[in-house]
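Asks: Chains A, B and C, in that order, give the protein sequences. Numbered according to this note's numbering, the first sequence spans residues 1 to 92. Numbered according to this note's numbering, the second sequence spans residues 93 to 1089. Numbered according to this note's numbering, the third sequence spans residues 1090 to 1508.
Wrong hints could be hidden among the right ones.
With the C-beta cut set under 7 Å, the calculated list includes, among others, these residues of chain C facing chain A [as the list claims (entries may be wrong)]:
| hint | residue |
| --- | --- |
| 1 | Val-1239 |
| 2 | Gly-1331 |
| 3 | Ala-1337 |
| 4 | Ile-1339 |
| 5 | His-1341 |
| 6 | Glu-1345 |
| 7 | Ser-1346 |
| 8 | Gly-1390 |
| 9 | Tyr-1391 |
| 10 | Asn-1392 |
| 11 | Tyr-1394 |
| 12 | Gln-1396 |
| 13 | Phe-1481 |
| 14 | Phe-1490 |
| 15 | Lys-1499 |
| 16 | Ala-1503 |
Don't read these hints as lab results, they were simulated from the structure. Predicted, not measured: the structure shown is a model, and the values here were computed from it. Note that CB positions come from ideal geometry on N, CA and C, so glycine has one too.
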Amino acid sequence: MLITCPYCGPRDVIEFTYQGDGNRERPQPASQDLDAWNAYVYDRLNPAGDHNEIWQHSGGCRAHLRVVRNTLTHEILSTAFARGGHKTESRS
Amino acid sequence: MSPRRAETGGRIDRLRTIRFTFDGSPYTGHAGDTLASALLASGVTLFGRSFKYHRPRGLLAAGVEEPNALVTVLRGEVREPNIPATMVEIYDGLVAVSQNRSPSLAWDIGALNQLGGKLLSAGFYYKTFMGPVFGPLKGTRFWMFCEHFIRRAAGLGKASIAPDTARYERMNAFCDVLVVGSGPAGLMAAKAAADQGARVILAELEARFGGSANWSDETIDGAPAADWAGRIVGQLEGNDNVCLLPRTTVWGYYDGNTLAALERVTDHKEVPAKGEPRQRSWAIRAKTVVLATGSFERPLVFPGNDRPGVMLAHAAARYANQYGVLPGERIALFTNNDSAYRSALALKKAGAAVVAIVDVRSDVSNEMSRLASEAEAELLAGHAVVATEGGKALTGLKVQRFDMMSGALSGDERSIHADCLAMSGGWSPTIHLASQAGAKAEWDPAKQAFLPPQPTQRWIGAGAFTGSFSTAQAIAEGRAAGLQAAGGSASSAPLPVVEAAPGDPDPAPVFEIKAKGKSFVDFQHDVTAEDVRLAHREGFVSVEHLKRYTTLGMATDQGKNSNVPGLAIMAEALGKPIPEVGTTRFRPPYTAVSIGSLAAERFGDLKPERLTPMHDWHIANGATMYSAGLWYRPMIYGLPGETVEQAYVREAKATRESAGIVDVSTLGKIAVQGPDAAEFLDRVYTNMFSTLAVGKARYGLMLREDGLAFDDGTTWRLGEQEFLMTTTTANAGKVMQHLEYFLDVIWPELKVTVTSVTDEWAGAAIGGPKARAILAACVTGTAVDNAALPFMGIVHGRIAGVPVVICRLSFSGEMAFEVYSGAGYGTRVWEALVEAGRPLGLVTYGLEALGTMRIEKGHVTGAEIDGRTTARDLHLEWMLSKKKPFIGSAMMDREGLISPERLQLVGLVSLDNRPFNGGAHIVEELDEENPHDSIGHITACCYSPALGKYIALALVKDGKARHGTRAFVSDPLRKRFGPIEIVSNHFYDPDGSRMHG
Amino acid sequence: MAEYSALSLLKNALNGNQDWKPAWRKPDPKASYDVIVIGGGGHGLSTAYYLAKEHGITNVAVLEKGWLGSGNVGRNTTAVRSNYLLPQNTRFYEHSMKLWENLSHDLNYNVMFSQRGCLNLAHTPAQLDDYARRGNAMRHLGVDAELLSVDQIKRLVPALDVSGSARFPVLGGLMQPRAGTARHDAVAWGYARGADRRGVDIIENCEVTGFLRDGDRVIGVTTTRGDIRAKKVALAVAGSTGRVMQLAGISHMPIESYVLQAFVSESIKPIIDTVLTFGMGHFYISQSDKGGLVYGGDLDGYNSYAQRGSLPIVDEVMSEMLALFPGLARLRMLRSWGGVCDMTMDGSPIITTGPLPGMYLNCGWCYGGFKATPASGWCFAWTIAKDEPHEFNAPFTLDRFYRGLIIDDKGQGATPRLH
């Protein structure tokens, strides 16, 4: 699997660390809504198909990327910085 | 001259004689021979024994799919088992031995298994060996008793215990076009792509490029096919943009068009050249792959088809044409298709007598009849082989009339005298890599074969791989594939002209001749046609059940010979077409891959070693080192004759009495910088950091999102916007990723950068009543007295001219200081501190003494912050700020995390004055025979020189309420039981007067 | 006479093996059942078996979308052990162990459970303490465990590198002697045959496409072979739990799916007679009766339903293998495959009633599902039959995450790939 880092270009998956489901929304820090916190920490969409996820280019620039990847085919559909910008579409 | 070596012919170098041994006997062969061809040339017919019945077996094939002739190659003490003799290139001094036989290949006691016959049918072991339901052999014992013998009888070769001394290499490669296979299709593809300027890698699993061109009788552009292939290879060799990889098996097709290949660099050499690895493991990232992997000929299934001397027709021809070896003097052929006629002709030309061509088809074309007469062979159309004769070599066969439509045999059996039977059951494209790439194969009823499906990754097929079995088609498809892969447009230039014997590529749909006797489908695993039918009767009818129940296709040839015949027999039993039985999805590897090559450079060097800047000093000064993750740290600096306990007790005692110094360079260190650094730390730590003054440090605790304790350490405020965070050694990487994640993903608005500086700083902790005096003696540029350097204060100064940062903080409980300097100067500063301390009785101490002093103080480490404990469990609730939210604050008070049933940190004192063991448990009621009802466990223990007792830290249910009570240590693993008192974890100087000084 | 025995083998051999009956029938689905078990893997089949055997509930259908046993029961490395740290896990897996010890007799099917032991190697003093903690925890629950010295380990596994010069020298190990291996497919087939002979319908090639509902209540399923109604619908589809739950309208679960690869070497004469794990990485190995070394390592570190592995993990696993067995560099890896694991947020499974009325859920086996097969089915059958959990599976609820009653044997928190 090759992931295209917006900084570094296409790199082997071995350079990256998977940081999980990118759909999760963290409640505001002061939120007391325990269900929302629980949902954020424990609940996963876990789709069989396109999945929005976070990867860190830990063996490279260490940026976190938002990657859309198919969990059935492992095809990478797009990558972008998690903090925003530089989206690369790569579905062929 | 060897008995079976033809006078002329073959692509071997007859001027070079090579000497080797097989099962201890000396043999010779020629350069270009495989072990198989050289032994065959010497008249050897018996090459191996089958797995289950230990039946004598000869060569079935000439290539990578060989299931029978497996040998072990020895290099001194180092063994390489299960190598097909067909894939061993001989070299001077080669030592090979046969396998799975005792006492010898010719006389194998295991052959007695054949007497078991129908008793040992497929899956018989599921139905027996269960033993009695009562008595001493009940339960699993009887099975394990039987299993002991089964295991010893099973297995093929013996693996090595002696470490392999060879070196393996990893290569990462990138190319525009990877061509897999170098037959005419692959060569044309590589040539066409290279001519377009593409970067091409051509991988061929055998030693010689050319594939079938090396043994076909065809001509291409007027030259023998092999010469044509040699010419193309010569042209490719001269190209800078082409990388030719002989002896390279592409075995895995992974995501993102990454292909894994194994190059056998020196296996064929007596002595590797300097610097050459044994094998090289390639990861090839190709823009496009051309799959030109050819096809496998299928055996026919009939009684006695496993007799030594029965082999695949193309293999017989290949031995003759490529190696100049006749597999027999009187050769018969048995076929369901036209390709065997070409083999017959080749064998005839090479000098063998072709006694008969037995064809299941009654209707044989005129062209084939002509080929048969050209081979001077009797053509027995509408016949089938129903038996073979001979022991360790074929002596003859029996044929009968055969009706293809009904499968019925009729008429009298007729005997034919032959010493080799060459069979052809049609051809199966080698679609393994395409299947690995994710697509499901498709059955072609005309070709009676599974063909590659539409690509799911970027590959293009060519030649026999696609079911185009003629060389002319292979050449055309190869060129087209190469052009397309390289982005070129189709060419109308003339193609090389092939002259080949005629033949219809479609076989008759006959896979099995049903007659009396064992007919083998999977040769190595002894799976017979009857076994397949038994699987059918018992309901194991899907292809996967068939495989798993009978072990068909699970042998080292991975079903290359048996898959399709097995499916066909099952399909017939079911009365369904073959594709409805299912298709096996192929998985990596295509052929077995050495484990050494996959480990590559990491063989013998699994993980890097992390050494602190002062490592060499520790070694030179008598430290015994301790492995902690990737790090090495001093455990003790033992004196001659000291036990570990004596050493750490001395070190700890000396530290509390005068001073001690310990290397703390392994602590994780993270620079946290930026305008929002303080705010960020407030969110990350449970306690406040924004209120911390510049020049001061604070102990901090982090929780995970789920509210459990994560890590602790001190963080130093070096400037308004600059902090130096320290973490535990073990969690340095995890904490760094945790911080980066929050900054990058959750709070990108915070202006903070974090940098791992663990390796930039050397750290020494110096503590004890004399520590300040020692510092005072060697530090310049700053005062270190209480006013300048109060508890948790930070100063900058120099030691031995080296800039240092000093923070007064204590893990040992003594007045102590951590001294950080640039890593490159760590030893210089360390030596200066040691030197300054010498007159004051300073000792160096290791992790054991460090642990002892922290246990005495009741500080927590990773043994207590073990991912299951909360801040409250560890009595750190005082660190949970109520003034702000922090990571984990919302989750930390859920019902399961505040239950009184939870384990809490306590101290333990041994009441029998005997040492504790780490990992011992605590019970209220001692029962040495049947220990039960554990209420907790010891996390760390030591002899406390300060208390003069054996003490421990422990996590105990509702521990705090138990202070002052008695219980027992229960350690059945080490048979250590005894009374204890449960006390506070703060054993020593609980009010901290020593460290506050 | 038992259907399978040495005698029946002999009798059938004399008869040309013509009289063996199918191991299970191939019935068409009926319109309704008392219980539908979705998933014809090890857990689903054992659930059906124990429903029939222990609770007399035989009007049961097991629905399998492909061929029976096509999931992880046939894709694992066959280790059976109960060497856990936390009592909730140890009690459950020890119950499983006890069922394993009599399983071949119970099923009249040789599942080849071989108690050759499971040895966890320790490489640092801290790790040895950790293992001692776990071993003692087991002993206090009546489970066997022993600490082995380096010498004992060397005698047990002569091919292992126990030299002090190894990168991670072996300092000792934790042994569970009663642990071992079993023949994975046989477990599925044995349970299938056992359930079938008790009247359970095992229906292959029958994929569930939706749930029949009466309000909230689940009253059956729609399948590729028609609608089937049931009083109770039980899910045992680990690896596909998320997908099937989505059919019931439950979009989120405390589960992520990951691929775990496994490997088999070419067959060799016996060299490893126990199940062995490496402490400084993630590697485990045993040797099958056929002689192949069966081994595996870490998960492929990202969500996947692909049943196909990645190359870096292959290299990692082989490297760790050779760190223990430097003599095996010339041995060859013959087969590899991937299984999809339900990884939960604490590494422990879920066996519970609900979450919808009429529904029962068994999932989240991480990569420890094979050894759990007997107890999982046994506890799930109890839960289905009695509408409440047995004490062995009472801790394995779905709501334990929210309540903070997590059972985290590895202490890794809600990062499933690390369990």
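Asks: Each hint: holds or not?
Replies: Consistency of the hints with the structure:
Because the beta carbon of Val-1239/C sits about 34 Å from the nearest beta carbon in chain A, more than 7 Å, this interface hint is broken. A distance limit of 7 Å between C-beta atoms decides the matter here; for Gly-1331/C the minimum to chain A is near 4 Å, and the interface restraint holds. Restraint check, Ala-1337/C versus chain A: the minimum CB separation of about 14 Å is more than 7 Å; hint violated. Nearest Cβ of chain A to the Cβ of Ile-1339/C: about 10 Å, over the 7 Å cut. The hint is violated.
Interface hint at His-1341/C: satisfied, since its Cβ lies 4 Å from the closest Cβ of chain A, which is below the 7 Å cut-off. For the restraint placing Glu-1345/C at the interface with chain A, the shortest Cβ-Cβ distance is roughly 5 Å, inside the 7 Å limit, so the hint holds. Look at Ser-1346/C: its Cβ gets to within about 6 Å of chain A, closer than 7 Å, so that hint holds up. At a threshold of 7 Å, the smallest CB-CB gap from Gly-1390/C to chain A is about 5 Å, leaving the interface hint in force.
For Tyr-1391/C, the interface hint holds, since its Cβ comes within 7 Å of a Cβ in chain A; the closest pair sits about 4 Å apart. Contact between Asn-1392/C and chain A, as hinted, is supported at the beta carbon level, the nearest pair being about 5 Å apart and thus within 7 Å. Evaluation of the Tyr-1394/C hint against chain A yields a held restraint, the C-beta minimum of about 4 Å falling below 7 Å. About 9 Å separates the beta-carbon of Gln-1396/C from the nearest beta-carbon of chain A, more than 7 Å, and the hint is not met.
The interface hint given for Phe-1481/C is violated, since its Cβ lies 23 Å from the closest Cβ of chain A, which is over the 7 Å cut-off. Among the interface hints, the one on Phe-1490/C holds; its C-beta lies about 4 Å from the nearest C-beta in chain A, closer than the 7 Å criterion. Among the interface hints, the one on Lys-1499/C is violated; its C-beta lies about 17 Å from the nearest C-beta in chain A, farther than the 7 Å criterion. A cut of 7 Å between beta carbons decides the hint on Ala-1503/C: the least distance to chain A is about 5 Å, and the hint holds.
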